Amino acid sequence: MTPKTTPMTMIQALRSAMDVMLARDPNVVVYGQDVGFFGGVFRCTEGLQAKYGKSRVFDAPISEGGIVGTAVGMGAYGLRPVVEIQFADYFYPASDQIVSEAARLRYRSAGDFTAPITIRMPCGGGIYGGQTHSQSPEALFTHVCGLRTVMPSNPYDAKGLLIAAIECDDPVIFLEPKRLYNGPFDGHHDKPVVPWSKHPLGEVPEGHYTVPLESASVFRPGSELTVITYGTMVFVSEAAAIETGIDAEIIDLRSIWPLDLDTLVNSVKKTGRCVVVHEATRTSGFGAELTALVQEHCFYHLEAPIERVAGWDTPYPHAQEWAYFPGPARVGAAFKRAMEK
Amino acid sequence: MTQYEPLRLYVPEPTGRPGRHTDFSYLHLSPAGEVRRPPVDTQPADTNDLAYELVRVLDDTGRAVGPWAAATDPQLLRRGLRAMMKTRIFDARMLIAQRQKKMSFYMQCLGEEAIAVAHALALDSGDMCFPTYRQQGLLLAREDVDMVEMICQLLSNERDPMKGRQLPVMYSYKRAGFFSISGNLATQFIQAVGWAMAAAIKGDTRIASAWIGDGATAEADFHTALTFAHVYRAPVILNVVNNQWAISTFQAIAGGEGTTFAARGVGCGIASLRVDGNDFLAVHAATRWAAERARRNLGPTLIEWVTYRAGPHSTSDDPSKYRPADDWAHFPLGDPIARLKTHLIAIGAWSEQEHEAAQKELEAQVAAAQKQAESYGTLTDGHMRSAAEMFEDVYKDMPEHLRRQRQQLGV
Ligand SMILES: Cc1ncc(C[n+]2csc(CCOP(=O)(O)OP(=O)(O)O)c2C)c(N)n1
Ligand SMILES: [Mg+2]
Chain A
1 MTPKTTPMTM IQALRSAMDV MLARDPNVVV YGQDVGFFGG VFRCTEGLQA KYGKSRVFDA
61 PISEGGIVGT AVGMGAYGLR PVVEIQFADY FYPASDQIVS EAARLRYRSA GDFTAPITIR
121 MPCGGGIYGG QTHSQSPEAL FTHVCGLRTV MPSNPYDAKG LLIAAIECDD PVIFLEPKRL
181 YNGPFDGHHD KPVVPWSKHP LGEVPEGHYT VPLESASVFR PGSELTVITY GTMVFVSEAA
241 AIETGIDAEI IDLRSIWPLD LDTLVNSVKK TGRCVVVHEA TRTSGFGAEL TALVQEHCFY
301 HLEAPIERVA GWDTPYPHAQ EWAYFPGPAR VGAAFKRAME K
Chain X
1 MTQYEPLRLY VPEPTGRPGR HTDFSYLHLS PAGEVRRPPV DTQPADTNDL AYELVRVLDD
61 TGRAVGPWAA ATDPQLLRRG LRAMMKTRIF DARMLIAQRQ KKMSFYMQCL GEEAIAVAHA
121 LALDSGDMCF PTYRQQGLLL AREDVDMVEM ICQLLSNERD PMKGRQLPVM YSYKRAGFFS
181 ISGNLATQFI QAVGWAMAAA IKGDTRIASA WIGDGATAEA DFHTALTFAH VYRAPVILNV
241 VNNQWAISTF QAIAGGEGTT FAARGVGCGI ASLRVDGNDF LAVHAATRWA AERARRNLGP
301 TLIEWVTYRA GPHSTSDDPS KYRPADDWAH FPLGDPIARL KTHLIAIGAW SEQEHEAAQK
361 ELEAQVAAAQ KQAESYGTLT DGHMRSAAEM FEDVYKDMPE HLRRQRQQLG V
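Residue numbers (my numbering), protein chains in the order written: chain A, 1 to 341; chain X, 1 to 411.
Looking at chain X on its own, in the form it has when it is part of the complex (with noise of 0.2 Å):
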């Protein structure tokens, strides 16, 4: 007889299911003002309380405290918060041009837009950023990526800068320091490393910033980027978006259960924090710290975002079937925007007059984008860049049996 009950496997189980509220005690927040903001030439085994706690500057009213709250210009705020605007804006925008069937898919970021875009407010021009397709708001928050182009990419119409080849939302502007998104999973996170060491090898002043999912970072190539980024202190950022949700299974299953994301970092000897996605002035000076370590060959930081995917995951989704209907109402910290604008009209930098001018403002702007984007075809009114084309980039120069390939096709 065996001293031993049997072994049991155990799957872990979100406490929140369709008719059942979701307990975000799981979520360890900590008070806003109240996590230490160390020097950037801080040791990586020195912020394993940061891994666990969560930095956050923008209290309930709406009030900037603590050691991360730098005095950051009013002007960069209305800024960012027209971006986010912007970003939902379009996002919205996008859904239902998906639903009339101008494009095949889309995918929005309702919830999370500040965290990219307070980070690409706290970039420089010329550092690269290595996204996911979560990340709209790196772009709509410049303003040198024209929206009608971008739209043009999601309507895959004649004008797509992506020569109808990508999913809608599959972005590449070098330009703007956006690398080409995959659609597999992880495998962008390791490459802005090896962009990193390259920057670090010819003596560059550019960093990278590596972005990928909480449910993404089971990949192989998660924990390869940590390592490379780790031994050759590499100057990246890399930026893990906990938003709680990988289609439809929650983030204990991604391995986020009892523990964090940013202690993975900790854990391969990289300095690493654990901030609060959805508040815009926490995610600047967040970024601004990693940025710096970056730049002053301090080697790479982790960064957690702790968000919630507020909306399906894209548009071949229906999040009712796996999760309470209205578990972003229920969510701790709240929306980006709205907190954002409290504290801007706290401050005196905003007012309700002014966010329903920049409301309108901002949405006839991307209607007309869109109305411009449109004109130049849709997926659907036969707009579309030519058969020809698909043969193209295959290699630099076409070899013969591509050739061959397009004249059977006749095109």
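This is chain A alone, in the form it adopts within the complex (with noise of 0.2 Å):
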């Protein structure tokens, strides 16, 4: 029997998920700035402190350290908190809670004590938010051992991926690209978004199921070349790989790290050209990690050096934001340079 889907934002989706397992299972909580009686800044909780009472849905004051030491605590008594920051932007002052707390607390209590916390956090631009509301901080999470980091392209995956953060029994970072929000945004910022309702991945099944972590999917097939990118990028890529002609095979990563290392070797392997995409700023972001990676399983099948798109390294700014933003004309380049040589 097939499930019954519904067409969702990404918004409503991510709401769904939360709804679900707020409803099967009673150690999950839910909470964070606003998202209380509000329903979060961007609405993704709006409807669930209704729901599901103030003890498992409520706001919380603006400490990000505090919420996240909080969770911490509620994860080493049984529960597994829903947690938001705001924007990701914010998570700097939980740092430590995360990095010398919720990631190593397994490691260092021999398993003793642990943090099932899922701590979800809109990333990305687009938004003309500036340096404070469009940061990409991922590489800051997959430098952190014990951490899993995840970020969806789409309703359906944001689901299933949030589901499967919420029952794994380690810290999970949960990164909801705020572009990807209503449509997929594909980087033409100049045209009107597209809603979810016209795309297949909008259709999400309404009951429980999963996106499994460290799953990639091949989000397009195809032979000439591979491009590894995650996030609004995959909807960029697409767009390049539509507009160059260029038959791109696009591996949307979903699980950042740990990774899916097969799907995108194996793709690697078959097209022998590659290139890495993603938002952030380019020097040591997570693209250095995935090119590091394809050099070393992939070496001999290359038959052209590995191109990055990233984020220049600057601050994100905000009246420059689409000189900023690696759209599909950047993306598009590298792809002619990938399969030039």
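It cannot be assumed that every hint is accurate.
[Said to hold, decoys possible] Derived DSSO-like pairs: lysine-lysine, alpha-carbon spacing no greater than 27 Å straight-line:
no., chain 1, residue 1, chain 2, residue 2
1, A, Lys51, X, Lys101
2, A, Lys4, A, Lys51
3, X, Lys321, A, Lys54
4, A, Lys4, A, Lys198
5, A, Lys191, A, Lys269
6, X, Lys101, A, Lys191
These aren't lab readings, by the way, just hints derived from the structure by calculation.
Just so it is clear, the structure is predicted and the values come from calculations on it, not from any experiment.
The task is to assemble the complex, starting from two chains supplied on their own in separate frames and drawing on the hints.
Put into structure tokens, the structure is as follows:
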């Protein structure tokens, strides 16, 4: 029997995931700034407090360190907290609790205590949010041993991954590309956004399902070139493939770290060419790790140097947002360079 | 069997929600003129009562009463009134410009104008404020900050002094004692303490003024700032603007229930006051008192300004979803502009006619500044700082990798 599906935006899909888990598991609690009565500044938790009560879904003081620190404590008790950091740009006050505590609790206590917590945070630019509402800090998390870092690119994956993250016994950093909340944005900021209701990945099963962690998806099969990417850049890469006419195979990592190495290695071995794309700044970005992995595992299959497309190494500007954002033109140019050699 | 009932999680709630009036008795207001004014060299612990009372000067009829009613020059009061009116007009026009998509975003300070304006007029030139995004009154109260330039920042146009890099309202005016605004809450609060410590290290006579909202006091930086300010007796005024709301969360979620934010200060060994933030005279008098303490090496003062965020949090917010639509109309401390106007008229230093004339004149001033600023472009018409400038100021001198990236962009 195929499960009943409904068209959902990414916001509705995330809400549905939390709704399903709040209903299934009495140990799940949801909190963060503005998430309770109001339902979050992006509305991801709208209606959940009314449905599950104030001791399951509640507002938190403006203290990211406090939000994550209490989540670690609740996890130690046996709960599964799902906390929201209002913007990824504001996780920094929680760094110590994430890096020194949540990530290492299992290791340092030899499994005596664990931190089964999910830390949601909207990330990425494209909304004229300036430097404090646009960052993509995934590489800061992938560098920390013990964390799982996840970034969905569509409503279907968002719900399945969030459920998998909540059920996971490790701390999961759940990054939500806010530019994808309402539609598959492809980098053409001057065109109207296509809503998720017009996209097949906006069809989301109503009940419980998971998209397993550590599994990438072949978002678009192709033969000439492999694109390794995640989040907003999946759709930007798709636009670049269409516009350049290059038959690119687009791998959507979904789980950034730990990742599904086989899927990307198999693809690069098949195409012999590789372009790594992310919105985050270039230097020491996660693209550097991906490039190194491809080099280690696919060196003898590569026919051209690996190309990297990323945000420039500057803070995210406001007015010059579209000169900063690695849109389809920049991605397409990298495709062409990778094909020329 | 346990003798205890099961534990329960307590989550504070405001009394008012959409469709249900707020019971403002939680504010614990003191009558105007009732709260004592200690000498500036008072011991911090001796301000304990002041952290729970409310310093007020203007009574309901507009008279200035009690020990905090200093003989304030009517000239200064008129200046303050005009600056508050200008701030409100400025905000109203910028909100319209935002709706017209000339700028991406805006934040108003409706209802809170007295705090920044009276504070600015009570500080000396050379003092340094570390504001949040809601203290535009600090700039608009000054004669030496050009409104045209401020609007260019808001429009992100080719004359934006922040070179297009910052969200609208994230001004920086070192020459006007206004530190660069960060989007990250509370970070500036501890930095103000550091600036004040530097003034003390260098034997300066300038002081710092730190700003934070009720909501952001939950951040660790706030508490750290109190500790450092106390330990080093830093010459700093620690301002907590309690406008009752932090986006959708009521001040009880920040820890205001059953206590006050001023009480945090006393607990840390800092002289603290809780003051009517909608009372221009009280704000001015309390700021003078705190500044005097700082300048006399008597250390920091924490002031909680009690006020109300009358507008939405920002242009991205819709408060009708979480609080009564007419809440401000019932807020017992009223409108700061109306209150100062009533006082000035009562003492014969102002009239309805002058008020109307000032309103028209200021509207024309702001409109003219906006017109001029728009002639240098708006966010949507393409007249903005060049993309090449995006790579500047990351470092003092541009390293090779940024030069290469700029070249790649082809600008
Ligand atoms: C570190 C950090 N966390 C969260 C935010 C998002 N945010 C911006 S303003 C705001 C509310 C602040 O409320 P308050 O401190 O009371 O100031 P007010 O807006 O009332 O002036 C929040 C949560 C932020 N900017 N920085
Ligand atoms: Mg507030």
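Right, here's what the structure says about each hint:
1. Proximity of Lys51/A to Lys101/X is assessed by CA-CA distance (about 37 Å); at most 27 Å being required, the pair is judged violated.
2. Restraint check for Lys4/A and Lys51/A: satisfied, since their Cα atoms lie roughly 22 Å apart, inside the 27 Å limit.
3. For the suggested pair Lys321/X and Lys54/A, the alpha carbons sit about 17 Å apart, so the restraint of at most 27 Å is met.
4. Proximity of Lys4/A to Lys198/A is assessed by CA-CA distance (about 18 Å); at most 27 Å being required, the pair is judged to hold.
5. A distance of roughly 36 Å separates the Cα atoms of Lys191/A and Lys269/A; the hinted pair therefore is violated under the 27 Å criterion.
6. The suggested pairing of Lys101/X with Lys191/A holds, with an alpha-carbon distance near 16 Å, which does not exceed 27 Å.
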